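For the protein sequence lines, the chains are A and B, in the order given.
Numbering-wise, the first sequence is residues -19 to 192 according to my numbering.
Numbering-wise, the second sequence is residues 18 to 171 according to my numbering.
There's no promise every hint is true.
Simulated coverage check for chain B against chain A, where a stretch passes if three residues somewhere in it have a Cβ under 8 Å from a Cβ of chain A [said to hold, decoys possible]:
| id | region |
| --- | --- |
| 1 | 60 to 71 |
| 2 | 107 to 120 |
| 3 | 135 to 143 |
Short derived list, chain B residues pointing at chain A, Cβ under 7 Å [unchecked claim]:
| id | residue |
| --- | --- |
| 4 | T99 |
| 5 | L103 |
| 6 | T104 |
Computed Cβ-Cβ distance ranges for the label pairs, DEER-style [to be verified]:
| id | chain 1 | residue 1 | chain 2 | residue 2 | range |
| --- | --- | --- | --- | --- | --- |
| 7 | A | S157 | B | R69 | 31 to 37 Å |
| 8 | B | Q124 | A | T178 | 47 to 53 Å |
| 9 | A | Q48 | B | Q88 | 51 to 57 Å |
| 10 | A | A65 | B | Q88 | 31 to 37 Å |
| 11 | A | G71 | B | D157 | 46 to 52 Å |
| 12 | A | S157 | B | Q124 | 28 to 34 Å |
| 13 | A | P176 | B | D41 | 40 to 46 Å |
| 14 | B | I78 | A | P176 | 43 to 49 Å |
| 15 | A | A80 | B | T155 | 30 to 36 Å |
| 16 | A | A26 | B | P38 | 50 to 56 Å |
| 17 | B | A90 | A | S162 | 34 to 40 Å |
| 18 | A | S162 | B | I78 | 44 to 50 Å |
| 19 | A | A26 | B | E81 | 14 to 20 Å |
Hints are computed from structural coordinates only; laboratory data are not their basis.
The structure presented is a predicted model; accordingly, all values stated were derived computationally and were not measured.
Cβ coordinates follow ideal geometry from the N, Cα and C atoms, glycine included.
Next come the chains, spelled out residue by residue.
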Amino acid sequence: MKIKPLLATVTASIAIATITPGRVGAYGVLGYSWQQPVVPYYINTANMDVATTAIEPAIRTAATAWPQQSGASFAFAFAGFSTQATNTNDGINLIMFRNASSGSALATTYSWFSGTRMIDADIVFWDANFLFFTGSSGCSGGFYIEDVATHEFGHALGLGHSAVATATMYPSISTCSQQARSLDADDIAGVLSLYPSTAMAPTPPTGLRVIK
Amino acid sequence: MAAVLSVAAVPAVATAQQVVPVADRARGAEQVVVGRVSSVTPVWRENDFGDRLIVSVLHVIVDESLKGSSQPAIDVEVEGGTIGSLTLRVSDLDTFVTGDRAVFYVQHNRRGGLIPHRRGLGLQKLDNAGRVRGSGMTLDQVRREVRAGASRQP
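If we strip away everything but chain B, and leave its shape as in the complex, we get (with noise of 0.2 Å):
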């Protein structure tokens, strides 16, 4: 379960996502779309430091394009998962299964698969109402706040 813990003046956090403004998560994103998870493919790769990682290739269904290019579907490469008996797990990124809905803030690495930009922060799981979760966020304030982060792109 999701909580969100309203703090006055915390600066940082460890292995927690920090409620960084959309806009700001959208700014640096190259896409950003609303989709539903239809797969969960576990792979090997390296990243781009070079740590050999179980990564979960999530495939989207794109719903809605909020920034960037709009493609029907989109594979997301998110550390973590579990191939055979083996699982990894990263503290500061979700785990997503198939039928998950989340707004997905996403660049390329240097091998051109799409990661969530600065990592944690590009995932916003969204519950059944359409709000972000552990936020209360509604789906219409992201577009607005994407948006306004795109408009402020220099």
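Chain A with its partners taken away, still in its complex shape (with noise of 0.2 Å):
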């Protein structure tokens, strides 16, 4: 049995010392975003702690949240499952679990781009020391993944963090919260300000492939 050592009982003070973008609200752009309207995501589901089948479902509660709830003129599109384990510039936008730690960070983005224009992005989830869960009830001691991803996702749409507390860009999350899943008003401003929106949010693709 996998044993984690949690940090739940961890009294802590948080910095934000990572991605610091320029501010324009309380949120912050990277100064980089997506050219196309749909940009699709690969899922390896392998991981340490839920069944795979309820990966995708929470990936994709965290993509949509940015268009359905922003209006967005923007969207992540599931394209299909995939077995790559590593991640690269490879035009394969992937999201992976991995059982190894980042220190502190739950979730990782590795965004590539070329002057403004965003070309890849991948995000890992460091499994080793962190229980995740899916869907909104049954968590103890972890985090759910539709929270982490929609942040994470936050990221890799060219959003950095925000000083809102209450917002999904924040950088930090409690325990089993729920709340980086629903939009703060700040979140929107931001999405909104790289994908203005239009009448209508983009319709992702429903084609699926399978990759290796």
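From the two separate chains plus the hints, produce the assembled complex.
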């Protein structure tokens, strides 16, 4: 049985020391964005905590939170499953879980861009030291994938951290919180600054393929 | 700009650095140094997970060794950087430019290079007053805590 050292009892201060973008409002933009309205992503569902079948719906909830709650003219769209376990600038926007620790981060977004044009984004969940859950009940001493992924998709679409404590892009999350999956007005202002609303949010494609 | 937020019982964070006690950061690090970045060289590297990434090699002139071997300079590999028109940004790692001063908690990777111990937790930038950015912690406090961490080594 896997034993994970939980950090749930730690009392800590949080330093916003990583992605510190130029401020427009309380939200931050990183200076790059996608040029196309729909960006596909793939998922490697192998993980240590939850049924692999539960991963895609949880990630989808996070991905769709941004266009559905903001009306932004941009969407991430699930394109298929993958067994790929490494990331690089390969045009495959991959979400994966890794049996490793990143110190204190629950997940990390690797954003590749050229000039102001985003060209690849991969998200790694650090699965070794944290417990992940899906849905909206049953969490104990861990974190819901929906909420962590919504935050990471925010980075993947070009947002930095926000100073608003109720924002999805606020850099910390409490155990079992379900707050981040619901965008704050600050998050909405941030994403609309990058992808202004159109009459209709883009419709993700429905075709799927499996990549290796 | 870095900011510090006092939060009660915040257990973990997404892509931000938790202020883990310096002693804890130092305990597992092979080497802890205070130094200034004298150059940043972006290169393509494969990390221990097999990711092919742009990595910035920070040449650090060591002002002070707080733990481990004493060397006049070290090279620290930090994921992220720019080669040509292509940039990689990694959400849990700080970016560095020439002249930045920091405390580096490092360990060797499988290729023998030095990387931040516990990724983002292994990098603590210092401000002009010699305080850890975003925390107000002084370098003297860092020194004391690193020594405390080292003394608790098994």
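**Asked** Cβ-Cβ distance between A:A65 and B:Q88: within 31 to 37 Å?
**Response** 35 Å, holds
Within 47 to 53 Å: is that where the Cβ-Cβ distance between B:Q124 and A:T178 falls? 48 Å, holds
- Query: Has the region 135 to 143 of chain B got at least three residues whose CB is nearer than 8 Å to a CB belonging to chain A?
  - Reply: Since three or more residues must qualify, the claim that chain A covers the region 135 to 143 of chain B holds, with 6 doing so at under 8 Å.
*Counting residues of the region 107 to 120 of chain B whose CB is closer than 8 Å to a CB in chain A, do you get three or more?*
holds (count 5)
- Query: Does the Cβ-Cβ separation between A:Q48 and B:Q88 fall within 51 to 57 Å?
  - Reply: 53 Å, holds
Worksheet item: Is 34 to 40 Å a correct range for the gap between the Cβ atoms of B:A90 and A:S162?
Response: Check failed, 49 Å falls outside 34 to 40 Å.
Note to self: Please check whether A:S162 and B:I78 have a Cβ separation lying inside 44 to 50 Å.
What the structure shows: 47 Å, holds
Go ahead and decide if the range 46 to 52 Å is satisfied by the Cβ distance of A:G71 to B:D157. 49 Å, holds
- Message: Just to be sure I understand the hint, the distance between the Cβ atoms of A:S157 and B:R69 should be within 31 to 37 Å; is that true here?
- Response: Given range 31 to 37 Å: holds, Cβ gap about 34 Å.
Next item on the list: Go ahead and decide if the range 50 to 56 Å is satisfied by the Cβ distance of A:A26 to B:P38.
Entry: With a Cβ separation near 33 Å, A:A26 and B:P38 fall outside 50 to 56 Å, so the hint is violated.
Hint check: is the beta carbon of B:L103 less than 7 Å from a beta carbon of chain A? Cβ of B:L103 sits 6 Å from chain A, so the hint holds.
Within 40 to 46 Å or not, the Cβ separation of A:P176 and B:D41? 45 Å, holds
Of the numbered hints stated above, those contradicted by the structure are hints 4, 16, 17, 19, listed in ascending order.
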